[in-house]
Structure formats: C-alpha cells, structure tokens
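Participant: Okay, here's what each chain looks like letter by letter:
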Amino acid sequence: MWHDVDRDVMTAKRSLDALMRTGADKAYTGLAISERHEMNIEAGEIKLLRTTFNTSLHLSVIKDSKKGHIGLNKSDDASIEKAVADVMDIAAGAQPDEAHDIAEWQEPAEFHKGPTTPDLDAMYDRLKGFVATVSRRYPKINLRQVILSFTRSRAYVMNSNGVDFRTFRGTYHFMAMFSAGEGDKVSSFNASGVSMLDLDRDLIDCGSIDMLLRQSCEQITTRPVEGKFVGDVIVAPDAFGDIWGFLFNAISDGPVISDTSIYKDKVGELITSPELTLHCRPVADEIADGYFVTGDGYAAKNSTIIEKGVLKGLLLSLYGSRKTGRERAVNQGGAIVVEPGNSSLSDLIRSVKKGILLCRLSGGAPNNYGDFSGVAKNSYLIEGGEIKHPLSETMISGNLAEAYKNITGISRERIDYGSAILPWIAFSGLTISGK
Amino acid sequence: MVDLQEYSRLFSAYTELRVQENRSVTVGFIKGNNTVNTRSTTGGVSARVYKNGSWGFASTPELQRDAIVSIVKAATDNAEFLGSRTGVAKGPLPTVAASHDSSFATKKPRLTQKQLVDFIKEIDDHIATRYPGLQSRSVFLNCLDIEKSVVTSDGSRFTSMTPRSHIFITLCVEKDGEPVDLYQVHGGLGQFEDVFESPDVLFPEIEKQYEHLMRKSEGVYPDAGLKTCVLDAELAGILAHEAIGHTTEADIVLGGSVAQHLIGQEVASPLVTLVDFANTAFGQTCPVPVYVDDEGTKAEDVVIIDKGVLKGYMHNKETANHFNAAPTGNARAYTFSDEPLIRMRNTAILPGTSKLEDMIASVDDGYYLIRSKNGQADSTSEFMFGIELGYEIKNGKLGRAIKNTTISGVAYDVLKTVSMVSDEMHWTGAGMCGKKQPIPVGMGGPAVKCRLSIGGR
Numbered sequence: 000m001w002h003d004v005d006r007d008v009m010t011a012k013r014s015l016d017a018l019m020r021t022g023a024d025k026a027y028t029g030l031a032i033s034e035r036h037e038m039n040i041e042a043g044e045i046k047l048l049r050t051t052f053n054t055s056l057h058l059s060v061i062k063d064s065k066k067g068h069i070g071l072n073k074s075d076d077a078s079i080e081k082a083v084a085d086v087m088d089i090a091a092g093a094q095p096d097e098a099h100d101i102a103e104w105q106e107p108a109e110f111h112k113g114p115t116t117p118d119l120d121a122m123y124d125r126l127k128g129f130v131a132t133v134s135r136r137y138p139k140i141n142l143r144q145v146i147l148s149f150t151r152s153r154a155y156v157m158n159s160n161g162v163d164f165r166t167f168r169g170t171y172h173f174m175a176m177f178s179a180g181e182g183d184k185v186s187s188f189n190a191s192g193v194s195m196l197d198l199d200r201d202l203i204d205c206g207s208i209d210m211l212l213r214q215s216c217e218q219i220t221t222r223p224v225e226g227k228f229v230g231d232v233i234v235a236p237d238a239f240g241d242i243w244g245f246l247f248n249a250i251s252d253g254p255v256i257s258d259t260s261i262y263k264d265k266v267g268e269l270i271t272s273p274e275l276t277l278h279c280r281p282v283a284d285e286i287a288d289g290y291f292v293t294g295d296g297y298a299a300k301n302s303t304i305i306e307k308g309v310l311k312g313l314l315l316s317l318y319g320s321r322k323t324g325r326e327r328a329v330n331q332g333g334a335i336v337v338e339p340g341n342s343s344l345s346d347l348i349r350s351v352k353k354g355i356l357l358c359r360l361s362g363g364a365p366n367n368y369g370d371f372s373g374v375a376k377n378s379y380l381i382e383g384g385e386i387k388h389p390l391s392e393t394m395i396s397g398n399l400a401e402a403y404k405n406i407t408g409i410s411r412e413r414i415d416y417g418s419a420i421l422p423w424i425a426f427s428g429l430t431i432s433g434k
Numbered sequence: 000m001v002d003l004q005e006y007s008r009l010f011s012a013y014t015e016l017r018v019q020e021n022r023s024v025t026v027g028f029i030k031g032n033n034t035v036n037t038r039s040t041t042g043g044v045s046a047r048v049y050k051n052g053s054w055g056f057a058s059t060p061e062l063q064r065d066a067i068v069s070i071v072k073a074a075t076d077n078a079e080f081l082g083s084r085t086g087v088a089k090g091p092l093p094t095v096a097a098s099h100d101s102s103f104a105t106k107k108p109r110l111t112q113k114q115l116v117d118f119i120k121e122i123d124d125h126i127a128t129r130y131p132g133l134q135s136r137s138v139f140l141n142c143l144d145i146e147k148s149v150v151t152s153d154g155s156r157f158t159s160m161t162p163r164s165h166i167f168i169t170l171c172v173e174k175d176g177e178p179v180d181l182y183q184v185h186g187g188l189g190q191f192e193d194v195f196e197s198p199d200v201l202f203p204e205i206e207k208q209y210e211h212l213m214r215k216s217e218g219v220y221p222d223a224g225l226k227t228c229v230l231d232a233e234l235a236g237i238l239a240h241e242a243i244g245h246t247t248e249a250d251i252v253l254g255g256s257v258a259q260h261l262i263g264q265e266v267a268s269p270l271v272t273l274v275d276f277a278n279t280a281f282g283q284t285c286p287v288p289v290y291v292d293d294e295g296t297k298a299e300d301v302v303i304i305d306k307g308v309l310k311g312y313m314h315n316k317e318t319a320n321h322f323n324a325a326p327t328g329n330a331r332a333y334t335f336s337d338e339p340l341i342r343m344r345n346t347a348i349l350p351g352t353s354k355l356e357d358m359i360a361s362v363d364d365g366y367y368l369i370r371s372k373n374g375q376a377d378s379t380s381e382f383m384f385g386i387e388l389g390y391e392i393k394n395g396k397l398g399r400a401i402k403n404t405t406i407s408g409v410a411y412d413v414l415k416t417v418s419m420v421s422d423e424m425h426w427t428g429a430g431m432c433g434k435k436q437p438i439p440v441g442m443g444g445p446a447v448k449c450r451l452s453i454g455g456r
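Top to bottom, those sequences are chains A and B.
Just so it is clear: in the first sequence, position 347 is 346 by numbering that gives the first Met the number 0, and no numbers are missing.
Just so it is clear: in the second sequence, position 360 is 359 by numbering that gives the first Met the number 0, and no numbers are missing.
Here chain B stands alone, though its shape is the one from the complex:
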C-alpha cells in the first residue's frame, strides 16, 4: 500500500484520503462444467473533502504521486463547487483520532488457481458420484480480499486487510417433472487457505443438505396467513439486519425511517437485545471485523435495542453532529471509488436462555424456518424474506418440509411477539448488503419464536 501520510500537507479542509484494493477469485462448476474461472483486481485512490457542509469526492485507479495530488485537488474543488452554490454553511465535523493496523491475511503458502479449481472439482465430483439421482448441481467458490489504507486530516490513520472465502453449493432434484433446489453456503472470515482445510471436511454438511433437499422435494405449500414460527439463527440474523438494522442507520432515520420517533420506546419484547458489533462479540472475532471506519473513527459496538427498548442509531461523523451523538464507526466504503456510507457491521440479536427443542415443542401449529435466500425491508420496518428451507410444526413436532415461500411482517410489531429466544448463537458472513454500494456484512442470532405472516397457496 502507498504511504499516504506525506500527502496530508495538501489537505486544506477536512479530508479523508484512502488507497484501496479489492481482489476476488471466482471458480464455478455447473453440472460438472467449469463455467467460471476468473480473478479480478480493482484498486485506486480516493479523496473526500468536507467544507462548510458540502462534500467533494474524487477517485482514480492511478497511484502515482501526481494522480494522488490531483485527486485531492479535484475533491476539494468539488466541495467548493457545491458550497459556492448551496450557500449553506455548517460547522465542523467531530474530531476523532484513531490509529490501527489489522490483517487477516493467511500466513500459509497461497494455493495456485489450479489447486483452487481442483479443490472445487473434487467437491463437484463427490456430489456427482454420491448423489447420481440429482438433476443438477453447482459449486462456486468466491473469495474477496479488501485491503485499504486511510489517513484523515484530523489525525487518524489505519490499514486493514479483511478477506472472506465462501463456497456456495446448490443441489437440484427433479420431482414430478419440476426442478426443486436447495443451496448452502460454507466459509467465512479469512483467506481460502485458513478457511477450507480439504474438500472432505464439507462432505458431512453436503449430506445434510441432500437430506433436506429430499424432504423438500416432497414438500407442501404452507398454509398462508399469520402463524407462530420458530426462526432459526440464520433467519434471526437477517431479521436483525434487514428489518431493524436499516431503520436505525442514522442517514435513513434522517430520510424518514419509522425509527425517528421511537428512541426510548419499547419496540420489542424484553427478551430482545440487538447489537451492531464492531469487531468482537463474546470473545470471538466477528465475520466482518471493523476496528476503525473509513472516516477514521474508532469502531464501537452500537446497542440498538436493549431489553426491548430502542436505544440508539448507527452514525457517521455528520449524522453524529446532527443528533448530538458520538460517531460510532459505521462509515464504510466498498471500493476505492465509493464514498463511505453508514453501514452495519455485525448485527445480531443476543442469545437468550431457551433450548431450540423446547421452542419447537411449544408450538402446536406453525413452522420452523431455517434458511433464507434473500430479504428486504423498508423505512416502515415492514420486511420480506424468501424462505428456502423450513418445516411444519404440528403438535410440538417437526412435520413435512415446505416449498419455497415468503415470510413478512412489520418488524417492530413482530419483535413484540417474541416469546422465546434460544441460547445458541450462529453467525453468517456471506451476506452482501445493498445500499447505493454493496458491502460485506455479518449477521447473527439465536433461534427466535414469534408470530408473522407466511405466504403459500
């Protein structure tokens, strides 16, 4: 990474200067065909300048000295262009100085592309051999390294290298002439060599995926309507992120989110505590650890809901000023050419004291929902998740699998119906959140029992 400190003398207003490189590897097999085999690198330098309430930003892929100098000037000129027209003068941003270096780069020898392709092919061959009745299968590897270095005019500096590696497996079986599929993701924080030991480590998980798929192929449509459901940990994490988390990002609060009127109010069952962790939870590193954000603020945990009461929002420097709060270290940018936005990091509902089996046993007529394929929510906290895997619960026992469906509700209402929270915590780090830019996020939670609407026929 380029040493940026020497350019700080060019700063004439509040300025962030960032060099960043995103490196990705994708290897994919569809039905035994090696359809994708690619590497890509996107990198460069950007500057963002704040002057009297206006922001200027500029970026270039070039890293030579004159390019960096010109980018600082272009960002400053842009801030001045807007400032000269808006005529709105605002005060300075909060000054925070932080310094940190973090790297999750592997210390092991790096595998070649051929070794990666062979690794994925071995998984694909195993599936083809062991499950010959499948109609189709796909195995994809996706690795992403994000490496950055930032200096700011108020004295912060940091470097980070945050990688993640995931293998996505989809199995498909034909049932009555129609394809039924089920996907599963493996992996997490770290470069490939630290995340995946050998293909056979995944085989027991693939066996479980296949068993779920077979049950799903015999699945039934859920009975549409308002139902008591046990959301497994993975779904609780998405609920925390999509349905509540987004409404408490301070820029969305300013844009009119329903949470703007709810601070200090009871918005959930007292069993619910929801936190956006910066980097460490329960003594473990989170899936997307952030130590200093891209504005140079030391990243702090944000308690969003404490025992059912809405406590706080996630901030960047500017919204912290607006709300007379401290910046929380949530400002992150995806690529070198993106400006930092308020983004969640590792958002989770905290575990409770119930056992998952007791939660299922307590439901007379409902559903146990395990895996989601996607999710959306809006400013009202009304959410929708696509359900990829779930089972009926009848008289306290798991019943038939269900076909793909959708669950929905108003999150601040649904969380008030939470009556049990399990004692197990599960994190996922494969998520990519979309908000002008994509960005990796971690989501976590225990299993949660609540009432919500389920789609069906």
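Chain A extracted, bound-state conformation:
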C-alpha cells in the first residue's frame, strides 16, 4: 500500500514537473488509481462477478491565459511524456481567457474514508440473502438488475501553486432495478440505490429499497386520474432530483455564465418557502459517499445552499467565479442533506384534499425559467387525505420556481442514501391531468 502511494506521488509530481518544464504558466495534475469488485444479479440470478482496475490521469495547463486539458488512463513514462506534449498543443490552440486559473496554495492534507479491502464472501452472502428475502416477501417482483459493488481508490491532486491533497477511500454501492408482474400485467420499473461503508445491514433494509419493492407490487394494476385539476404533490425522496435538479443546474457555472439562470442575482433572497433548509455536506460524517477535494483543486467544505428559504450562495467553480465576479462555492454540490420538517409523512398525506404522492417523475428537462411537465411514475392518487390507487398515464405540469415557493410541508422521516439524506416534501398548486 505505502509502496504504491510513494510510486503514485512520484508519478503525479513527475507529471506536474514535466508540465512546468515544458513551459506552462500554471499546471494541475489529478491521478486516481481504482479497483472495483462488482456482483451482478440479472433476471433474479447472481450471474456475473466483475473485477476492474483503472487509472485516471488528468493534466491541465494554462499558458498565456489559454487552457488545455487532457485525460488518459495510463501513467507509464511514455504515456505521460506524450500527454504533456499533447496538452501543451491543446492549450496553444485555445482562445485566451483571463478567467482560467488554478487553486491557490492550501495546507497539504490526506483524507481517509471507508474500508480498504472488500469482503467478497460477505458481498455474496448479502446479495444471496437479498434475493431470498425478496422472493419470500415479494414473490411478484422481477429483479431485472441488481448490483453490489465495492470500489477503493487512491487519488492525488497537485498543482503548481503547491496544492497537494491525497484521498484514500473505500465504499460499497448497492443498486436494484425491478418491476412486479402478475399474469400478463406488469408494473413500471423502479430503481434505487445506496452507498455504504460496511455491509452490516441486510440490503433490503438500506435506503428506500424495501418501500419501493412493496410499492411495485401494489402498482401492477394502475389507472389514470380523471380529467385535469390543480392539486398538491408530495414528492418522495426518490423523486427529489426530478424536482430539485432545476435549482442545482441553475446556480451552477453554465447557466450563470451564459446568463440564462433565473437565480444568478438572487443570493440573499427568499427563493423557496421558509420551511426549507438544504445543505451540501460532502465532508460530513453522516454522508458515506461524499468527496474531499473539488474538481478545481480545493479542499471541499460543507455549505448551506438554502437556509429557511433564502438562497445562500451559487455553486460556482473557480472559473465560474472569476468569469462572473461572483463568489466561488466551497464545494461542487451533491451530498445533499435536507433538514427534516415538523410533520409525519402520514400527516402530509392527511392534509391533501386532492393530489399525488409522486415517487418518480419521467419528465423533459425544464426550460430556463422552470416550466416543466412529466409523467408521474410509480405514484399514487391522494383524495380526502387518503392514498386511493396507483397511477398510470398521469401528467404533472407547472413551474418549478413557483412550486419551490409553495412548499406546504416537509416530513420528519428521511431516507439516508449514503450520498444524500432526503425527506418527503409537499407542494401545492401543480396541474395534474389524466387521459
């Protein structure tokens, strides 16, 4: 292990030195060595065991304000020598941009998280146990694809300002995709996943897996809502990204630089209902699968994106920050933790006169101002405070920026995905239409 680390560090340093010797004004090297062990279930059977080794080397240079980047998965001397020459050519061909830069010097640091070796026998036993439990508890379920993997990596980030970060990680990931069937009827597929630092728990008890399996069995027979109405939508944790991806995209580099973000000038303003507080916590202990170093070479820190409805900052990289004159984010997003609310999920459901429990949204990308529409998948009609029946061919539409301001409740219960911790969030005023 330490012999490997010494060799890795030498490789990263040698690359960086070569870039500077070749005439770069500023240079960055990212080297990662990874090993992944992956067991796969296909159509209900444990079928495939994969072992993959990989190397990832990223070199960036800035010369006369022109930036070039090259990525390769080799780290031998000849490959590095060629990559150094190529990346200088790439930079020479670029258009100059004063906003290009590298991270300033920070105290060198080493980060460790998770186990260093996989337990293949335990992985097999957990997976076999999962298949047996699903078969017993939910006999109508077809396990289309299930993956349990362990990835360990050594990653090194260095730049010509003296940045020197080393990260050593090991993480288990579990993903299940499935549907339920009876006779010639099938449910929509559903899927979820979770990241873990150990295999202490049964896989079916991780994240939202057991709940989704149960729901799939309920969703073999569905029907659309009748007509069209404006109602409440309770967004389940697994549908969080479908609804909130618009916000995270709109506060990141692309839309802010291209001037198409509706949030670019909203820092310090109320953009959601005051019930919502939302963090990005990549280095928190509660997040199993975060990150320690950002893509532009900064030690990541936890941050609050929305505090009681107020936008606290944008998710800009160093380049985005210099390009727009706005503050650089202390992390690169993800690792989302939403503060729990005051209501139970059953209270949220009881408060809905007519609406939907939205468990997955199959929708087109919202436009720049948040208009969206999509199909409610794996979801339920709520009427008179009760869940009535699972839905098909039912669409939801509205404006996400408006919806964020119409949060009517947040659940106390949250799902821990390892990479995020999320509650159920209820919105009012969305259009729901059936056939």
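Since the hints were made in silico from the structure, they are not lab data.
One should not assume that every hint holds.
Said to hold, decoys possible - A few chain A residues facing chain B, derived, Cβ under 8 angstroms:
#: 1; residue: Leu47
#: 2; residue: Lys73
#: 3; residue: Ala91
#: 4; residue: Ala93
#: 5; residue: Glu97
#: 6; residue: Ile101
#: 7; residue: Gln105
#: 8; residue: Glu109
#: 9; residue: Lys112
#: 10; residue: Arg143
#: 11; residue: Phe188
#: 12; residue: Lys263
#: 13; residue: Ser361
#: 14; residue: Ala364
#: 15; residue: Tyr368
To be verified - In silico EDC-like pairs for lysine to aspartate or glutamate, Cα to Cα no more than 16 angstroms straight-line:
#: 16; chain 1: A; residue 1: Lys12; chain 2: A; residue 2: Asp76
#: 17; chain 1: B; residue 1: Lys120; chain 2: B; residue 2: Glu196
#: 18; chain 1: A; residue 1: Lys73; chain 2: B; residue 2: Glu20
#: 19; chain 1: A; residue 1: Lys184; chain 2: B; residue 2: Asp412
#: 20; chain 1: B; residue 1: Lys434; chain 2: A; residue 2: Glu41
#: 21; chain 1: B; residue 1: Lys30; chain 2: A; residue 2: Asp96
#: 22; chain 1: A; residue 1: Lys227; chain 2: B; residue 2: Asp144
#: 23; chain 1: A; residue 1: Lys46; chain 2: B; residue 2: Asp76
#: 24; chain 1: A; residue 1: Lys263; chain 2: B; residue 2: Glu177
#: 25; chain 1: A; residue 1: Lys434; chain 2: A; residue 2: Glu225
#: 26; chain 1: B; residue 1: Lys113; chain 2: A; residue 2: Asp88
#: 27; chain 1: A; residue 1: Lys404; chain 2: A; residue 2: Glu268
#: 28; chain 1: A; residue 1: Lys265; chain 2: B; residue 2: Glu177
#: 29; chain 1: A; residue 1: Lys112; chain 2: A; residue 2: Glu44
#: 30; chain 1: B; residue 1: Lys174; chain 2: A; residue 2: Asp258
Think of the CB as a built atom: it goes at the ideal place given N, C-alpha and C, for glycine as much as any other residue.
Guided by the hints, dock chain B onto chain A, whose structure is given.
Facilitator: Just chain B now, with coordinates in the frame of chain A:
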C-alpha cells in the same frame, strides 16, 4: 491494436478477450468564451468468461503481456468463484464464428486542436455577428472514436474503428425577461474531417434554427390532453428506440417487460414496421454500424414489428439460448472495462407512402412535433419525451409555435393509433442510450401521425 490471437491458448472455458480504446475531443464556446478544450483517451483490455452458467469479467488499462495473461486468469477465477457458490449448472452458449474488419477512420490529414478550436470559433463568431439580439449562445464539438479488437474462444475475431462527430448549437433569446432556447445537432458517422467541410456549410441550418427560435419565443403553452399529433422523423426514431425497442431487448423481457406476452400479437397499426438494423439500411450505412458484436456474433437485422405484429426480440448468446433463438449480434460494450449488454444499434420505423404536408393537412386540431430533448420509457412501454420544438396544427395548417412540453403515452397503444406514415426517412446518430453503460445508438424514422398525451397548462 494488440494482436490477441496468441492469448487464445489461455482460454479454459468460453472466453471473450477485447482490447478497446475510446478517444474523445471536446471543444466548447459559451457566449464567446472558450470554456472547454480537452482530449481524453480511455483504453485497456478485458476478458469475460462463461462457465456453467456463471460469468466472470476482469479488465485493466495495462496492455503488457503479463497484464493480459492476468486478466484472463482473473475473469476465469471470478466465473469459478460464482459457479462454486451458486451451484447452478447451465449448458454451453451457442457457437458462432465470425470474422470482420471495419474502419471508418478518415483518410484525410487530421486537423490540429487549434484548427478544431478555430472551426468552432468561426461558427460562434458568425452567430454573434449575424444574430446580435441573442441573449446567449453555445457551440460545442464532440468527437468520439471507438476502436476495438476482439477474439473469442469459439473462433470469432474482429476489429472495428467507429467514429462519430457532432456539433451542438444552442441559441437563446430573452422574451419578457425570461430566456427561451433551442438546440440543434449537426454531424454523424465519421471523423471530423469527413463529416464537416467548413463552418459556412452549417450557416443555412443555423438560420433555420434562429427562425424557429424566434417563433418559439412567441410560443404558447399547448392545451394539455390527448391530441392528434404528427411526430416528425426525429421523434419517430426516439419512439422506436425508447418506447418499443427497450421492451424487446431480451434481457429486459426476462426482467419482466410487457413484451414478454406479446410475440405474435398485433401491437401496432399495420402501417408500422420496426427494425433494428445492424449496419446497413436502404443501401446506406447506418449511423452506428455494427458488423460483429462484442460476443463475436455476426450482426443481423432484427425485425421487431412487421406490419403491426410483434415478431422478435434482440438477443445476446445467453438470451438466445434461453428463448431457443439465434443470437442477433446486439451485445455491445461501451468501454474496455464494460461487459457486453444487449443494446440497440440503429432502430427505425420504416417509411410509408404519405406525404408530410398531407399528414399535417389532415389534422383539424393537434400538434406537429419536431424535436425532442430527451426521452424515457419503461417496462410497460409507457414513454415520455421532452419536446423542444413544435407547432400547433389548426384546420390543417401550421399555427403558433409551442413552448417546451412533454408528450407521453403507452407505446403499444399509441402505435395502434398510427393512421399515416410519411415516405421520408431521417436518421440521427447523436444519441447516447443509457442502460448500466452509455452507448452510441442510431435512431430513424419517417413522420408518423398518431394520438398521444401532451403536457401543458
């Protein structure tokens, strides 16, 4: 590429050995800023072994002899590890031997990175100069070469070099304080030098894109509900791929797709014939030509729907065994470290006899939908496509443009409502399909008139 034949003596069970390199170039300008300027290469060797019903896989980026030997051993050990625990013994896979070499590499001198950047900048400068009222614009070049060499223990061998090159242009205008945008993709099969002659060749297409954008900026919300729509060719291709194609991939059939009960049944209008082409259609090379798949099977066209009747599934060797069918050559892997999965290649609805203008003229109240930004479907064949560009049809004539929306339906129901199919065929090859791994796919079709649900307000 490394000569793999000498390693075949190491094979102790059914084995595929593959060397592969994916090379990509990305150049991007956002509002005149050269934000992306990068090249990347990912390559290595992998082995996959099948023994008594269990699969083992291993890969490494190293291409030295000892690395290749160790990868074959690791994949064999993995198959044995699983086999020793599952205790499930299954018969051998079908034996097929194929041999082929194909390369779509350019014979022209390669452009330098600077020439590529200058090419994209010239397009960006043209847009900035000609359309000064735009709020924003972006121009991105993405080129991907996939080069591989495969040998299998049952005697197949092939090499291939399949490149594609695309330029993505997004124009954005501000309307009443809100940004409205529209994207367009140019390019297809081949390396940059063979696909793009000069920037000015694209200018007429950019002019059309701008005109559509101006109409879209005045666009209206569609009237939500079940409507008669004419789907332009691009959308028909996505319908073929997402909504029907995925349900007929044999691994998804085994995973519970609705198509498992529909073989031999009428699932669409008799006007609909749907084919997954291996490499050639109507005498032309398809956007993603596959001659031999990554299991070493000669790639054959798969007729999925013939005149409205569901005829067949797409197979790899293992599902072909299960269904007592022949492997169809659909097993493909995206990178060297990926195992082959059942993937579509070039999926298309075949053209009919109607004229697009007659199809539009036949609609009293509906929509002409032209471009999609994304699409999803599931095991029930219920699908959703995001619509980026479309127009109202009122009394047989095109009306106002519509704002971004979503269309949806159950594909096997929607295809039964198809009442007209145009005589023009249009292919797109910019798609990247996601299913554990991403992979380039081709999609094609004529315009199709049908009834489906459209979102709105």
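Participant: For every hint, state whether the structure bears it out.
Facilitator: Results for each hint:
1. Evaluation of the A/Leu47 hint against chain B yields a held restraint, the C-beta minimum of about 4 angstroms falling below 8 angstroms.
2. Satisfaction of the interface hint for A/Lys73 is found here, the shortest Cβ-Cβ separation to chain B being roughly 6 angstroms, below the 8 angstroms cut-off.
3. Among the interface hints, the one on A/Ala91 holds; its C-beta lies about 6 angstroms from the nearest C-beta in chain B, closer than the 8 angstroms criterion.
4. For the restraint placing A/Ala93 at the interface with chain B, the shortest Cβ-Cβ distance is roughly 4 angstroms, inside the 8 angstroms limit, so the hint holds.
5. Using the Cβ-Cβ criterion of 8 angstroms, the hint placing A/Glu97 at the interface with chain B is not satisfied: the shortest such distance is roughly 10 angstroms.
6. The restraint placing A/Ile101 at the interface with chain B is violated, with a minimum CB-CB distance near 15 angstroms, outside the 8 angstroms limit.
7. The interface hint given for A/Gln105 is broken, as the beta carbon of that residue sits about 25 angstroms from the closest beta carbon of chain B, more than 8 angstroms.
8. Below 8 angstroms, beta-carbon pairs count as interface contacts, and A/Glu109 has none with chain B, the closest being about 25 angstroms; its hint is therefore violated.
9. About 23 angstroms separates the beta-carbon of A/Lys112 from the nearest beta-carbon of chain B, more than 8 angstroms, and the hint is not met.
10. Hint status for A/Arg143: holds, given a least beta-carbon distance of 3 angstroms to chain B, under 8 angstroms.
11. Hint on A/Phe188 holds. Least Cβ distance to chain B is approximately 5 angstroms, under the 8 angstroms limit.
12. The interface hint given for A/Lys263 is broken, as the beta carbon of that residue sits about 11 angstroms from the closest beta carbon of chain B, more than 8 angstroms.
13. Taken as an interface hint, A/Ser361 checks out: its beta carbon lies about 4 angstroms from the nearest beta carbon of chain B, inside 8 angstroms.
14. Of the supplied interface hints, the one on A/Ala364 holds, with its beta-carbon coming within about 6 angstroms of a beta-carbon of chain B, less than 8 angstroms.
15. Given the 8 angstroms rule on beta carbons, the hint for A/Tyr368 holds: about 4 angstroms separates it from the nearest Cβ of chain B.
16. Between A/Lys12 and A/Asp76 the alpha-carbon distance is near 12 angstroms, which keeps this suggested pair within the 16 angstroms criterion.
17. With a C-alpha separation of about 15 angstroms, the suggested pair B/Lys120 and B/Glu196 falls inside the 16 angstroms cut-off, and the hint holds.
18. Between A/Lys73 and B/Glu20 the CA atoms are separated by roughly 12 angstroms; this keeps the pair inside 16 angstroms, and the hint holds.
19. Between the alpha carbons of A/Lys184 and B/Asp412 the distance comes to roughly 15 angstroms, so the proposed pair stays at or under 16 angstroms and holds.
20. About 13 angstroms separates the Cα atoms of B/Lys434 and A/Glu41, which keeps this hinted pair within 16 angstroms; it holds.
21. Proximity of B/Lys30 to A/Asp96 is assessed by CA-CA distance (about 12 angstroms); at most 16 angstroms being required, the pair is judged to hold.
22. Between the alpha carbons of A/Lys227 and B/Asp144 the distance comes to roughly 48 angstroms, so the proposed pair goes past 16 angstroms and is violated.
23. Under the criterion of a C-alpha separation no larger than 16 angstroms, the hint pairing A/Lys46 with B/Asp76 is consistent with the structure, at around 14 angstroms.
24. At most 16 angstroms may separate the alpha-carbon atoms for a hinted pair to count; A/Lys263 and B/Glu177 meet this at roughly 13 angstroms.
25. Between A/Lys434 and A/Glu225, the direct Cα distance comes to roughly 7 angstroms. Compliance with the 16 angstroms bound is thereby established for this hinted pair.
26. Straight-line distance between C-alpha atoms of B/Lys113 and A/Asp88 comes to about 8 angstroms, which keeps the hinted pair within the 16 angstroms bound.
27. Under the criterion of a C-alpha separation no larger than 16 angstroms, the hint pairing A/Lys404 with A/Glu268 is consistent with the structure, at around 12 angstroms.
28. Among the hinted pairs, A/Lys265 with B/Glu177 is consistent with the structure: their alpha-carbon atoms are about 15 angstroms apart, no more than 16 angstroms.
29. Among the hinted pairs, A/Lys112 with A/Glu44 is inconsistent with the structure: their alpha-carbon atoms are about 32 angstroms apart, more than 16 angstroms.
30. A distance of roughly 13 angstroms separates the Cα atoms of B/Lys174 and A/Asp258; the hinted pair therefore holds under the 16 angstroms criterion.
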